[in-house]
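Peer 1: Those sequence lines, one after another, are chains A and B. Residue numbers for the first sequence follow the numbering used here, so the first one is 1 and each next one is one higher. Residue numbers for the second sequence follow the numbering used here, so the first one is 330 and each next one is one higher.
For the record, the hints were derived by calculation from the structure and aren't laboratory data. Glycine included, C-beta positions come from ideal geometry on N, C-alpha and C. Incorrect hints may have been included.
So the derived label-pair ranges between C-beta atoms look like this [unchecked claim]:
no.	chain 1	residue 1	chain 2	residue 2	range
1	B	457	A	213	28 to 34 Å
2	A	116	B	567	33 to 39 Å
3	B	528	A	36	47 to 53 Å
4	A	62	B	521	21 to 27 Å
5	B	472	A	198	26 to 32 Å
6	B	514	A	241	50 to 56 Å
7	A	131	B	341	39 to 45 Å
8	A	73	B	651	55 to 61 Å
9	B	393	A	299	44 to 50 Å
10	B	383	A	167	36 to 42 Å
11	B	459	A	131	35 to 41 Å
12	A	167	B	656	54 to 60 Å
Number of protein chains: 2
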Amino acid sequence: MGGDSGPPVTVPAALAALKKHPLLQITLVGDEQQITPLLTSLSPNDATRVDIVHTSVAISAHARPDKVLRGSRDSSMFIAVDRVRQGLADACVSAGNTGALLMAGRHLLDAIPGIDKPAIMATLPATRSGGYSYLLDVGANVSNNAAELYQFALMGSVLASSLSERPHARVALLNIGAEANKGTPEIQQAASLLADSPELNYIGFIEGNQLYDGVADVIVCDGFTGNITIKTSAGAVKVIQGLLTKTIRAGWYFRLLSLFARPLLLGIQKELNPARYNGATLVGLSGIIVKSHGHASQDGFEHAIRHAIKQVEDDVPALIAGKMNHASE
Amino acid sequence: MGGDSGPPVTVPAALAALKKHPLLQITLVGDEQQITPLLTSLSPNDATRVDIVHTSVAISAHARPDKVLRGSRDSSMFIAVDRVRQGLADACVSAGNTGALLMAGRHLLDAIPGIDKPAIMATLPATRSGGYSYLLDVGANVSNNAAELYQFALMGSVLASSLSERPHARVALLNIGAEANKGTPEIQQAASLLADSPELNYIGFIEGNQLYDGVADVIVCDGFTGNITIKTSAGAVKVIQGLLTKTIRAGWYFRLLSLFARPLLLGIQKELNPARYNGATLVGLSGIIVKSHGHASQDGFEHAIRHAIKQVEDDVPALIAGKMNHASE
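Isolated chain A, as found in the complex (with noise of 0.2 Å):
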């Protein structure tokens, strides 16, 4: 139910990772009145890979999330979480509201043992290498100390390692500066512990202006720097986009031309396509959880479909419980 389209965005893209993934099972928890309709598509042999869970409460985008817990246990969003820890889901996935799914998770789901907090952990394009890079936290949390700073570093290595299929994922701390000397006490302490773990692939810290450079895999940082990281991003993209739309408009010249450069534009909009950037992970919880963007594409959300279903694959919070344990030995 969640998002700015709802099941009109979220139904078709389930019904398309269907299709993709013949051993993939959806539940579609919501208002079946609305949900019905937009199944009719179904070949009978999908339709066995389908149910629906209904309820018609959904929490709105905009509650606010410590007024969430009363009266939500009801809603679209708590159920499909509720599944997970009973269970009968191995994954969910929502493009509602942040702040209450991270209520739900936290509340519902225990946390990996070993692990302090949970985190979001964001994807980032990488535009060096045409891949992605992974930002945690973006915001499960206000501040951070070493330790958990460093539960980050190892839930994102193993993350990355999972989405990205790339092993040895290079971890790297956001910070203000190259030099060791650099940065909050409780960033240098946090290099300290990642740069002794054996268990990861720590290359040091990196600025903000190197972020979409690739360098690393993985960068950790607390959860207000990177909520306002990912943020002024989204900010500074939405300035240039809004500089290429006034410039076109300026003139008879440009508006002939931007029939030509149209092409142009496109192409530029499909390498900055945010699909591909869609499913922030709620790492830390013995249960998967993927926050697809509130306003994603069909495109988008079945691209954190996708993440989600990776994360099954590998058994990621199993992985982190693995190394939580190897790294207390």
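Based on the hints, put chain B in the right spot on chain A.
Peer 2: Frame of chain A; chain B shown alone:
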């Protein structure tokens, strides 16, 4: 002597500023063998407004700030800042090593009474209005408490009003959400201080994606967050510029098109022109120090000089001292 190019950029910029500001006098501090040949275009009249203080010592862009104090007393940067201390100059403008400039400022100049820590204030494009917003601190500090954030707000408000010639600058705190309960304890305490201050036009929290919307004239955050924020923005802009170039080179159609699209790209580059946003101020000291970006163009460096002139005309340090006096009554 500072910046990627040194005197070939900074000296012509100084001469251009002299032409536009009839009352301006400029002291060029550095290697006279490099400076003198760049002064041949000076009219005899303008030549009376320029003098050179020679030194052959210059602090490298890569010098570590913690190593700078030793043996830097004779450097062009320290001499330039010291002339402000002695009252021989009203302001110092440098494109050199930021950490060293901060060190020189802190070492040679007194703090304004009531200001615990100086801050660096950067200029941001405010895209909707076509004007500017100002962000501080962008890296003079690693962490800041509520009282310091409040002082940043007061200083930023005075400085923004001077630079933008706009009274009652709108002041916001950068946070991870707009609701009153969001953010760190420091930010929540700072929000109370700002809201209670009759000296400030406080408008509340803004998030990272609103940084360039022009909704606030002054945006306040700790030095760690601010530093990562501006560097991340630069990284995101670089990504898109790279995509534009890559797309244009991708095929004959785009190469042909790019001939016609050149004005479009130039228009965008003009809007994004970093020269327009060049000039960060080291604020909180009893003297005016403006930092130009190391790879600023001549136009950019001239813009930084203009920032210094405006602050001299308004006597910004005295205005800040007056506000602090008032605020503590």
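Peer 1: Which numbered hints does this structure break?
Peer 2: The structure conflicts with hints 3, 6, 10, although it agrees with all the remaining ones.
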